[in-house]
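Residue numbers (the numbering used here), protein chains in the order written: chain A, 2 to 281; chain B, 8 to 343; chain C, 12 to 648.
Derived from the structure by calculation, the hints contain no laboratory data. From a predicted model like this one, the values you see are computed outputs, not experimental measurements. Be aware that one or more of the hints could be misleading.
[What the hints assert, rightly or not] The calculated DMTMM-like cross-link candidates involving lysine to aspartate or glutamate, where the alpha carbons are at most 20 Å apart (straight line), are:
| id | chain 1 | residue 1 | chain 2 | residue 2 |
| --- | --- | --- | --- | --- |
| 1 | B | K137 | A | D12 |
| 2 | B | K131 | A | D271 |
| 3 | C | K586 | C | D255 |
| 4 | C | K581 | C | E592 |
| 5 | B | K131 | A | D12 |
| 6 | C | K220 | C | D255 |
| 7 | C | K387 | C | E167 |
| 8 | B | K133 | A | D271 |
| 9 | C | K462 | C | D409 |
| 10 | C | K206 | C | E186 |
| 11 | B | K137 | A | D271 |
| 12 | C | K581 | C | D565 |
| 13 | B | K133 | A | D12 |
| 14 | C | K220 | C | D301 |
| 15 | C | K586 | C | D565 |
| 16 | C | K586 | C | D450 |
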Amino acid sequence: MTAGSALRKWDRRLLLGVIMFGMMVGVALFAPWIARNDPLAIDFGTQFLPPSAEHWFGTGKLGFDIFARVVYAARYDLVIAISAVAFSIVVGGPVGLIVGYLGGRVDSLTMRGLDIIQAFPAFILAVGVLSALGEGVFNLILVVGFVGVPTFVRLVRAEVRSLREHSYVEAGRAVGNSRRQIILRYIAPGTVGTVVTQAAISCGWAILLTAALGFIGLGVPLPEPEWGAMISEGVEEMVIGGRWWISVFPGMAIAVTIFSLSLIGESIADLVEPTRRKSR
Amino acid sequence: MGSFLLRRLVALIPILIGVTMVAFLVSRGLPGDPARLIAGMQASGGEVEAIRASLGLDKPLYHQYWIYMQGLAQGDLGESIRTGFSVVEDIQNRLPATVEMVIFAIIFALAVALPLGVWAAVRKGKLIDKFCRIISTMGVAIPDFWAALILVMIFFVFLGWAPPPVGRLDLGAVAPDGPTGFYIFDSLVSGQWATFRNAVAHVILPMVSLGFPAIAPIMRLTRNATLSVLNSDYIAFGRAAGLRGAPLYLKYVLRNSLPGAITMTGLISGYMIGGAVLIERVFSWPGVGLYAYNSLERTDHAAIQGIVLLSAITYLLVFLVVDLVQSMVDPRVRLK
Amino acid sequence: MRKISVWITMLLALALVAAACGGDADEPGEPDTPATTAAPTATTEAMDDEEAMDDEEAMDDEEEMPIDEEEMPIDEEEVTTTAAVVGEELAGGAGVCAPPSEAAPPRGVAPVDGLTIIKAYSGDVPNIDPRLNFEARGSELAANMYDQLITFHLEENEDGVLLADSTRPQGLLAEGWEFNDDCTSVTFTLRQGVKFNHTGNEMTAQDVKWSFRRAALHQDRVGGWFDHAVIALYDYGNEETIDDVITVIDDYTIRFDFLYPTPFPLHVLSNAGVTVYDSAVLSTKGTTSDPWAREFLQTTDTGTGPFYLESIEPGVQVTLRRNDDYFLGPAQAERVILRVIPDAAQQAALLSAGEIDFAEAVPVTAIPELRSQGVKVTTVGGNNQAVMYMNPTRSPFDDANLRKAISYAYPYDEVLEGVYFGAASRGGGPIPSTTPTFDPDAPFYTYDLDKAREHLEASSYDGQTLQLYIDGTLAFAPELAIVVQASLAQIGIDVEIVRLSAGDFQENVFAEDGTKTDPLEARINPMDFFLFYFGSGSWVNEPQYHMELFWEVDAYAMRSNYSNTLVTEKLEAAKLLSPAEPERTQLYEEVQALMLEDAPAVWLAEPHLIVASSQSIGGFIWRPDQINRYYYVTKSS
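For reference, chain A alone in the conformation it holds in the complex:
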């Protein structure tokens, strides 16, 4: 197998991932045109209808149209996940750059701090902090983003430490660039590839975490649609009445979205560094 054909194969996976994810983004953007129904319209006349031509994904307890809610929930879940990852990068990236470049005490202190935060399982930490802050989209983004910060600090730091010794950085230093210029001009651009890869994967984690929080009733306020919360709405109906559609479709939406993100993340990673080590 030649390198060229391998590359094309990764391209195909990347393409598939991008198309799938693009579709979900499109669904979120154009929700009002796609949904066909109001996701918040209570209708006591249409409770618990199975999937049909009228209601593609069936209806829920208060007569909510599940398809409309799955579609609108894409807005919440994607916005929360993407913003949270952006938060992680904006906070974690610069910290990683600085401590990675400086090394020494600052570095080891920061790393011990990260050890402490990462000693807590992400879900438990998120539940604790979110309970303290109270629910709401903004708080959710903060919490999910906060939990993701250490990943990016570590990632960027590791990258910086290897780049620091590169010859072109040495050259930059030799021609008299300031520390800041070196970090911004020579080192930071070199970390972009891994950060983008990790961003795609982290975005998937963020969606999972958001859904798990929604499942236990934390996060997006009632009655706004969110995939995890929608799954929990349907548990009783599924196990007893066999009304599977309430929980199954939102779960599938999560799976499709994360699947597409994983495809993107993996194939970029393979492109950037074919012999990469797993970054986590």
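Given chain A, put chains B and C in place with the hints provided.
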């Protein structure tokens, strides 16, 4: 070895202190006034103040932390207002259930991931490799609590093959006598076969739900390790020396992928201890995860604080063990 | 409304039954079990032709709903509605303080070895000390492990359900009673030879007195706060007078003196929490910091009841074992297992699989399926109320027009099917529709958006967002809040739903400023607009008891800061009248009208209690506290 252990333990101390601080702050940040909740709803303001004073909640934060650490040093995590027992007792009662489930989930994940990973590497680019890739991507993509629900729906509700999701044993079944609190182990060593079968039947679905997401990373790791071994000089040498098939792979591949797999397993088991909350909820599994869930619902401060601390310390200890094992398996680690 | 008036005629003097809302009943709105917490009252539903017709109509409605399709034939016989036992009149009036003495008869069932009854609990049992209970599960354990002085005559209806007749109190630990002429004193003769479980000590008057002292003087003052005071053993804050008002005459005779007569002393003394402990054991277990052996009673029971505690596995299950020497004869079942199964859907699945005998919480939407799978589901209309409070002392709810606008903008009738799937009644006012003196012709609000807009126009509401607080774990609370939000949006009121954890919610409801002595000022409930369940009005189905608990100015369970001097006057005046007097009814009707005009709350619905059990379960007991007494449960194998 001894000095390595000592060094690691010393390095752990500041982290442990930091962890207690975070656990303390998270629980103080939670809504709800512990004194009011302990006093009961109809207690007067004065009584609440008295309890607040007795708990030291009227003191400045750093002083409260000091009081908390003093209790901690004596193994006192406070009392759960929900169960009325001490948090230490509550956790002791529930920990074996969680640990048992996690152990089985890991065994399941390893049993699936290791052979598949090796196989995928050997047949690189073939159908099985692609299949494994899809499976592993899916394992990451599917929310475990949702998968658990779907499993319950299919195997209990529709097919009736699985026992009802009511915890570790059938309703009315008596817990086996035994020293460990791990029902499967206890019933096995004491020869209580009916209980043993029952416990095994109950652990299957939780095991699969919790273990499924762990398959992907372990499998990938094994595949990559196997690939690097396969491409290495000594395999080429082995081939040249006439070694073929299973003996070759087993000897070199497993040995070489072992350190990575150990680290990964450690990571994952640490994650599972904390991440079991939702799985335990779905299966009514009476472990620390369900305890955490119920405590959160009732804003049971001492219990939440205990669980948060426990999960972090477990994670750290698992890592310590991983490092130790690592250092035994791979001499390079010790030199680091 | 027609249905309600039928009930009222039928329930002439109410199935006022025992059980009080004691210390164990004082956490209205326990998360997992809205229907059975607080002070539940299962008022038995009247069953006559018209009522039966109503049931048929309800079934028709259900059949129209998409959920059952064709595979869900509903067998009408399975729609069990408990028939009423109709009492004549409350004790306390016309010089008669109580019916003549009567002792509870032996049970007369054959004990079956190895017979086990399993019930699913939605969560942990927080506390097994009867006097320190806050919620239904602990109360249920207490009711099965301990005895009270009084119980009630049981009447078997055609479904084999044993209904407590509130007009026929019977001695349980007491054998008989004798009131003085003005009903301010009662002397009990105790049963002889009653033995405590575990120790075999004989129960005497000393144990009774010790138990009441413990409830009154316990450092946390939990056990006696309401049930002692509501029958005027003492006023709040004067608990130490307990020594003077209970007099031990000899080992088997004890006298209670009241400050003034009330209509329901025997009923309150039958409350599941008003138990008698083994004082010989407990007095040795006390310590200086824990004089009343609170610690000891967290893991042990010291009662005389038909069952005793065999084991507790926290978070997993509690096992009760039959007391073979029970003084009324042993129970049928050898063991009762209370098993924690958090998910309501799983409980329902286990019921239909025959794995459990009772489920604590069954999703209302699962009822048709469960019935078609052979599970017995009984819904009982009681005086449970779902209420949405508006704090009339703080802006913007200090504007009566806003409160009225909100009251008019709620679809009272639609939610009964749409949210409750038929398992609720309309109600609509402060006094539940199943409680005596409920006025079916009171000026109730209707769903009328035009009137709502009129009142909104006249109000000072400036378009601000109103935060509606709910306990997110409470069944139906999220759905009701969503309906309220959508309805109010129609008249231009913007509502944000704020979900709190159960613990957080309750703490807010009961938050107090410790520095204030005036109860109204001390109340600092930060939630001005919140949705709440009275998991029932009162264990004693009586307006005086109900209003004293929920709506008097210093009422323990009233947290919306409502006060109206006219209402207070009328409530006080009514207390001086016997339940038989028509003026008393008149006064309560006036109170209902006044309160509806003030609209300090929207009375959203009256949810029914849903009890689901396997087919093999035979007669069990109904009492207004909605607590299961396994002593009366039979099971065929």
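A quick look at each hint next to the structure:
1. B:K137 / A:D12: holds (15 Å)
2. B:K131 / A:D271: Measuring from Cα to Cα gives roughly 15 Å; hence the hint holds.
3. C:K586 / C:D255: violated (24 Å)
4. C:K581 / C:E592: holds (14 Å)
5. B:K131 / A:D12: holds (18 Å)
6. C:K220 / C:D255: With a Cα-Cα distance of about 11 Å, the restraint between K220 of chain C and D255 of chain C holds, given a limit of 20 Å.
7. C:K387 / C:E167: Answer holds: K387 of chain C to E167 of chain C is near 17 Å, not above 20 Å.
8. B:K133 / A:D271: The hint holds at about 18 Å.
9. C:K462 / C:D409: Since the Cα atoms of K462 of chain C and D409 of chain C sit roughly 19 Å apart, the hinted pair holds (cutoff 20 Å).
10. C:K206 / C:E186: Roughly 15 Å separates the two Cα atoms, so the pair holds.
11. B:K137 / A:D271: Answer holds: K137 of chain B to D271 of chain A is near 15 Å, not above 20 Å.
12. C:K581 / C:D565: holds (15 Å)
13. B:K133 / A:D12: holds (18 Å)
14. C:K220 / C:D301: Distance of about 19 Å is within 20 Å: holds.
15. C:K586 / C:D565: holds (16 Å)
16. C:K586 / C:D450: holds (18 Å)
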